[in-house]
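Chemist: Produce the entire structure from the sequences given, and follow the hints as far as they go.
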Amino acid sequence: MERILFGDNQFFAVNHISDSKSREQSIKFKDDSAIMKVLDDAINAGINTFMCTTHDRIANICDIIRANPEKYNDFKIFPCMPYAHKYANAVTELGIAGTLKQYVPGNFFGSLFKGGMAYLSKDYESIMELMIDAEMKMFKGINTPVIWLQNVITDLLLGLRAYDVLVAFHVYIKKKYNAEAGFITMNMPKLVEVLEKGGVENPIICSSINKAGFRMSGGKEIYEETLKTKKFRAVAMQVLGGGAINPKEALEYVCALPNIESILFGASSKGNIENTVSIIHSFDKKIMLETN
Amino acid sequence: MLKIALIGAGKMGISHLSILGGYADADIVGVCDTSKMVTDFLSKQGKFNCFADYNKMIAETKPDAVVVAVPTKFHYSIIKDLLEKNINVFAEKPFCLNYEQSEELVALAAKNNLVNQVGYHNKFIGTFKEVKRIAESGALGDIYHFIGESYGPVVLKKKAETWRSDPAEGGGCLLDYASHVIDLLNGILSPVKSAKGTLLKSIYSGKVEDAVYSLLEMQSGQTGLLSVNWSDDTYRKMSTSVTLVGTQGKLISDANELKVFFKEDNALAGYSKGWNVKYITELQDSVDFYLRGEEYSAQLDYFVKAAKGEVPNNINNFASAANTDKAISIIRNNSK
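Protein chains in written order, with my numbering: chain H, 1 to 292; chain W, 293 to 628.
One or more of the hints may lead you astray.
[To be verified] Pairs of lysine to any residue, SDA-like flavour, derived with a Cα cap of 20 Å:
id : chain 1 : residue 1 : chain 2 : residue 2
1  : W       : 336       : H       : 121
2  : H       : 76        : H       : 100
3  : H       : 248       : W       : 574
4  : W       : 529       : H       : 22
Treat the hints as calculated values from the structure; they're not laboratory data.
Modeler: In structure tokens:
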């Protein structure tokens with residue numbers, strides 16, 4: 001993974017500290033061309049990986065990338081699935097089984113589950129696989145070396161102790177897509193422990209890591225301890241603590257932590273992208289010189 | 293350790309179960325749901341002890357507390373049964389379909405000295421907690437107007453009917469959506485006393501309202517506007533906000549950002565004259581296990597602590613949720 005990954009929250013009006021800012025973003029990125037322009041700015045600043053949710057509009061972005069193979073030759077997408085809001089309403093209205101019946105492609109339910117038959121573990125895995133394939137359709141022909149499970153699902157499964165499903169995600173992504181599975185979580189230390197026990201070697205895990213301790217469940221100290229002592233490939237997100245921390249201070253903290261392979265951030269302007277990239281590089285350089 | 297069980301593993305039930313599963317201080321002794329697909333998954337994967345009949349679950353597992361997340365129309369009978377069996381109850385919102393039933397359950401819980409809570413999670417959001425603190429401090433002066441708003445994309449076109457389109461099942465924007473804002477206003481100011489004019493608008497739904505606009509008077513005499521619309525697709529998800537206008541200042545807050553204007557310095561410690569902005573990042577306590585917002589974890593943590601006698605059981609108790617049910621009834625009657 002590259003040191004810096006570019007995120008997509010700003011494109012889809014996801015803002016963790018301001019509803020009014022999120023409306024401004026929604027206006028600014030109404031057209032796909034506005035998204036492409038910022039992606040091009042990121043590429044020009046040396047970032048070649050776009051980590052994005054499987055939002056409907058990403059399908060359009062994928063079309064543009066496929067249509068310009070030379071320009072986007074080195075460009076990689078890290079898909080994060082699923083876009084949970086798509087399903088949330090259906091779950092409230094139709095229940096869990098009703099939602100799966102609506103969204104799982106094919107006639108899986110109709111053919112298999114007539115009457116009160118028991119469900120087997122492999123049935124749940126098949127459901128998961130069908131849903132992954134449906135979400136991955138839009139990325140056909142695009143380089144997707146890491147495929148992520150969104151935090152709301154990772155953490156839901158973690159709390160339900162459905163550890164086998166997390167491991168099955170890892171196995172299926174490797175087998176079917178020849179890619180690495182990544183897990184986004186708000187409970188990093190707990191997930192690291194579970195994946196380690198499940199035999200997933202050196203897993204890729206993305207979590208909130210910031211100086212303010214924001215969304216670092218259980219506390220900053222246990223996160224720092226886990227980074228120091230456990231074997232996994234960490235990606236830091238929400239490094240600016242939702243924008244509440246001074247960027248320089250925020251990035252200095254993250255760059256100085258051990259074992260962080262990549263830093264994920266999003267920005268809407270060329271200036272902010274270039275500024276963040278240059279701050280990360282300068283702290284990385286400083287730390288390299290200090291450790292040598 | 294507190295023995296806790298779940299009745300109803302739909303969207304909210306599963307969410308509560310996951311949070312409790314990641315929580316160190318409770319022992320989940322049983323899960324009850326009518327969907328075999330769901331219970332098979334939970335018993336195979338999480339090794340939860342699953343049941344299709346809640347009476348059987350209660351008899352076998354003897355929980356100290358139960359989370360009730362079944363459809364609202366079943367709340368009254370199931371909760372009443374649990375309270376009669378001396379079990380502490382956390383129920384999903386809204387509490388009951390009519391407030392006479394809510395008040396009966398309030399009395400029963402009090403009589404049996406049981407801990408009781410309803411899932412109005414907004415009260416556990418740091419910004420809204422601070423709004424309540426500011427309102428109660430008197431720093432805004434005489435609060436002569438308020439606006440409680442909530443908008444989101446729930447019903448965006450005419451579609452096949454589900455429970456959501458049936459008022460007898462707890463459907464409609466007033467019960468399902470506006471209840472959150474009403475409950476928040478009840479908590480920040482005082483319970484709704486009367487409605488001065490109400491419009492319940494059906495936009496896409498046939499039998500229920502999709503928007504609620506109402507002028508309210510609270511028991512404390514404060515008046516203001518409730519404006520809620522669940523057919524608004526300019527919002528990515530439900531967005532709730534509160535505005536308070538007073539003689540000494542004005543406050544506007546949503547779940548993420550609190551902006552408050554004070555006419556004078558020293559109105560309140562930590563705030564100065566003019567606009568002050570505070571973000572959720574500095575107002576929210578962190579939780580041990582996070583699923584979908586700190587407030588969902590915090591409310592269950594509070595319930596477990598209340599059941600263990602460590603906190604007073606005065607946030608979101610049945611009595612407060614019954615006030616919200618009563619306000620819903622006042623607003624509905626006013627629209628007729």
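Chemist: Would you mind marking each hint as holding or not holding in the structure?
Modeler: Outcome of the hint check:
1. 336/W - 121/H: With a Cα-Cα distance of about 7 Å, the restraint between residue 336/W and residue 121/H holds, given a limit of 20 Å.
2. 76/H - 100/H: Roughly 30 Å separates the two Cα atoms, so the pair is violated.
3. 248/H - 574/W: The hint holds at about 19 Å.
4. 529/W - 22/H: Between residue 529/W and residue 22/H the Cα gap is close to 11 Å, so the pair holds against 20 Å.
The structure fails hint 2 only (numbered hints given earlier).
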